[in-house]
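There are 2 protein chains.
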Amino acid sequence: MKDDKGLLIVLSGPAGVGKGTVCGALRMEDTNIEYSVSATTRKPRAGEKDGVNYFFKSKQEFEKMIENNKLLEWAQYLDNYYGTPIDYVTETIDKGKDIILEIEVQGAKKVKERYPEGIFIFLMPPSLAELRSRIVGRGTETEDVIDKRMMVAKDELEMMENYDYVVENDEVGKAVERIQAIVTAEHCKRERLIEKYKQLVEVE
Amino acid sequence: MKDDKGLLIVLSGPAGVGKGTVCGALRMEDTNIEYSVSATTRKPRAGEKDGVNYFFKSKQEFEKMIENNKLLEWAQYLDNYYGTPIDYVTETIDKGKDIILEIEVQGAKKVKERYPEGIFIFLMPPSLAELRSRIVGRGTETEDVIDKRMMVAKDELEMMENYDYVVENDEVGKAVERIQAIVTAEHCKRERLIEKYKQLVEVE
Numbered sequence: 001m002k003d004d005k006g007l008l009i010v011l012s013g014p015a016g017v018g019k020g021t022v023c024g025a026l027r028m029e030d031t032n033i034e035y036s037v038s039a040t041t042r043k044p045r046a047g048e049k050d051g052v053n054y055f056f057k058s059k060q061e062f063e064k065m066i067e068n069n070k071l072l073e074w075a076q077y078l079d080n081y082y083g084t085p086i087d088y089v090t091e092t093i094d095k096g097k098d099i100i101l102e103i104e105v106q107g108a109k110k111v112k113e114r115y116p117e118g119i120f121i122f123l124m125p126p127s128l129a130e131l132r133s134r135i136v137g138r139g140t141e142t143e144d145v146i147d148k149r150m151m152v153a154k155d156e157l158e159m160m161e162n163y164d165y166v167v168e169n170d171e172v173g174k175a176v177e178r179i180q181a182i183v184t185a186e187h188c189k190r191e192r193l194i195e196k197y198k199q200l201v202e203v204e
Numbered sequence: 001m002k003d004d005k006g007l008l009i010v011l012s013g014p015a016g017v018g019k020g021t022v023c024g025a026l027r028m029e030d031t032n033i034e035y036s037v038s039a040t041t042r043k044p045r046a047g048e049k050d051g052v053n054y055f056f057k058s059k060q061e062f063e064k065m066i067e068n069n070k071l072l073e074w075a076q077y078l079d080n081y082y083g084t085p086i087d088y089v090t091e092t093i094d095k096g097k098d099i100i101l102e103i104e105v106q107g108a109k110k111v112k113e114r115y116p117e118g119i120f121i122f123l124m125p126p127s128l129a130e131l132r133s134r135i136v137g138r139g140t141e142t143e144d145v146i147d148k149r150m151m152v153a154k155d156e157l158e159m160m161e162n163y164d165y166v167v168e169n170d171e172v173g174k175a176v177e178r179i180q181a182i183v184t185a186e187h188c189k190r191e192r193l194i195e196k197y198k199q200l201v202e203v204e
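Sequence lines, in order, name chains F and R. Everything in the first sequence is counted per UniProt numbering, starting at 1 for the first residue and increasing by one. Everything in the second sequence is counted per UniProt numbering, starting at 1 for the first residue and increasing by one.
Excised from the complex, chain F in its bound form:
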């Protein structure tokens, strides 16, 4: 027996921890989880499809979505808007399907304010040292940028206070398993099921 409403699962964590990789690996599994698609005003890159990678919007369209409260969260980076359209999320949940949102820490905080009943998962590096090597591993950052990232990561670690779960990303496969386990366990939570089961007893 499953409860009727789907879960909103928010996967977040510090920059460089591998949110995208873990989320990508999760998508390869047969999970029955939907994936939220972000809206953005940035131009599509080669191969990106509207409604798949992003919902590509004009600046005016995006600002109208902000105005009409149609975004679960949004932010501005490098003169472009990015945000999570709320309709797709609520429609999915209402259909009884789970939906996962992969999002940076500030965005997750905003989602938490708006949708506190979501399941908030913080993806953690095995250690800050390893976080450092992962960032260095990208090979595109200077020492200064890395040091700044480390400072940011420390702040972000403190932000894990707001999360329900902490999943260590020691191995992508293991992180994926843990996330799947969390989703399964959340569906077994007594609070979610008790009303339905009570009906079962009444009907007999």
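It is worth saying that the hints were derived from the structure and are not from the lab. The beta carbon of each residue, even a glycine, is placed where N, CA and C say it ideally should be. Hints should not be assumed to be uniformly reliable.
Not close to chain F: a few residues of chain R, all C-beta gaps over 10 Å, as computed [claimed, not checked]: (1) GLU63; (2) LYS70; (3) LEU193.
No more than 27 Å apart at the CA atoms, straight line, and that leaves these computed lysine-lysine pairs for BS3-like [as the list claims (entries may be wrong)]: (4) R:LYS174 <-> F:LYS174; (5) R:LYS154 <-> F:LYS154; (6) R:LYS174 <-> F:LYS97; (7) R:LYS5 <-> F:LYS5; (8) R:LYS154 <-> F:LYS5; (9) F:LYS5 <-> R:LYS189; (10) F:LYS174 <-> R:LYS189; (11) F:LYS109 <-> R:LYS189; (12) R:LYS5 <-> F:LYS189; (13) F:LYS95 <-> R:LYS174; (14) F:LYS174 <-> R:LYS5.
Computed beta-carbon distance windows for the label pairs [stated by the list, open to error]: (15) R:LYS109 <-> F:LYS148: 51 to 57 Å; (16) F:GLU91 <-> R:GLU191: 31 to 37 Å; (17) R:GLU117 <-> F:LYS109: 24 to 30 Å.
Starting from the structure of chain F, add chain R where the hints point.
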């Protein structure tokens, strides 16, 4: 990274729901979970081993355990005592290993009073109708006994209020998977991990 203390997992549920079968199937999995061994004053049956199936105790020994508060819970059935020795449970948890306790509903209630930080899982039949057919399936009960069992089951269903999780036993394999998922998820709970992670940041 794992938190240092193991979890006490209490698996309970109405009579006839298949606690023993599910627990037996869970034992076949590579779970790293220990299993609690009950103490009893009843005589060993053919093939039963002391310390494996039960700790076989004399009436005097058992009453001394009660007196010395050495039982997490105990009860008397058909002139015999049954109970859960507390030392094995706490030693296992302190070693950082999880331990599972398969126990009837009244016993689980007593464990909850004594160890509220345990993870309480209620094993549910897909419906009371199926619970009935399972009991009938045993072929050893009269209609009267069955009707009485049904009444008891209804009471027990109300008892699921005290549990953290409800696992439906529609298929043994699925029930086992759900229990394993719950254990994994519980180890990812933010409250369990945050102190350890905070140390990580301090050390850097």
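Status of each hint after checking the structure:
Residue placement check: GLU63 of chain R keeps its beta carbon more than 10 Å from all beta carbons of chain F (closest about 35 Å). Listed as outside the interface, LYS70 of chain R is consistent with that label: its C-beta sits roughly 30 Å from the nearest C-beta of chain F, beyond the 10 Å cut-off. Against the 10 Å criterion, LEU193 of chain R falls within the reach of chain F, whose nearest CB is about 5 Å from its own CB. At roughly 20 Å between alpha-carbon atoms, LYS174 of chain R and LYS174 of chain F fall within 27 Å of each other, so this suggested pair holds.
Distance restraint check for LYS154 of chain R and LYS154 of chain F: the Cα-Cα separation of roughly 51 Å exceeds the 27 Å cut-off, and the hinted pair is therefore not satisfied. At roughly 19 Å between alpha-carbon atoms, LYS174 of chain R and LYS97 of chain F fall within 27 Å of each other, so this suggested pair holds. A C-alpha spacing of about 34 Å is found between LYS5 of chain R and LYS5 of chain F, which places the hinted pair above 27 Å, so the restraint is violated. Of the pairs offered as hints, the one joining LYS154 of chain R and LYS5 of chain F holds, with about 26 Å between alpha carbons and a cut-off of 27 Å not exceeded.
About 22 Å separates the Cα atoms of LYS5 of chain F and LYS189 of chain R, which keeps this hinted pair within 27 Å; it holds. With a CA separation close to 16 Å, the supplied pair LYS174 of chain F and LYS189 of chain R stays within the 27 Å bound. Using a Cα cut-off of 27 Å, the hinted pair LYS109 of chain F and LYS189 of chain R holds, with the two alpha carbons roughly 18 Å apart. Simply put, LYS5 of chain R and LYS189 of chain F have alpha-carbon atoms about 22 Å apart, close enough for the 27 Å limit, and the pair holds.
Proposed proximity of LYS95 of chain F and LYS174 of chain R is supported: the alpha carbons are some 23 Å apart, at most 27 Å. With a C-alpha separation of about 21 Å, the suggested pair LYS174 of chain F and LYS5 of chain R falls inside the 27 Å cut-off, and the hint holds. Taking 51 to 57 Å as the suggested C-beta distance range, the pair LYS109 of chain R and LYS148 of chain F conforms, at roughly 54 Å. For the pair GLU91 of chain F and GLU191 of chain R, the supplied restraint of 31 to 37 Å holds, since their beta-carbon distance comes to about 32 Å.
For the pair GLU117 of chain R and LYS109 of chain F, the beta carbons lie near 29 Å from each other, so the given range of 24 to 30 Å is met.
Violated hints, listed in ascending order, are 3, 5 and 7; each of the other numbered hints is respected by the structure.
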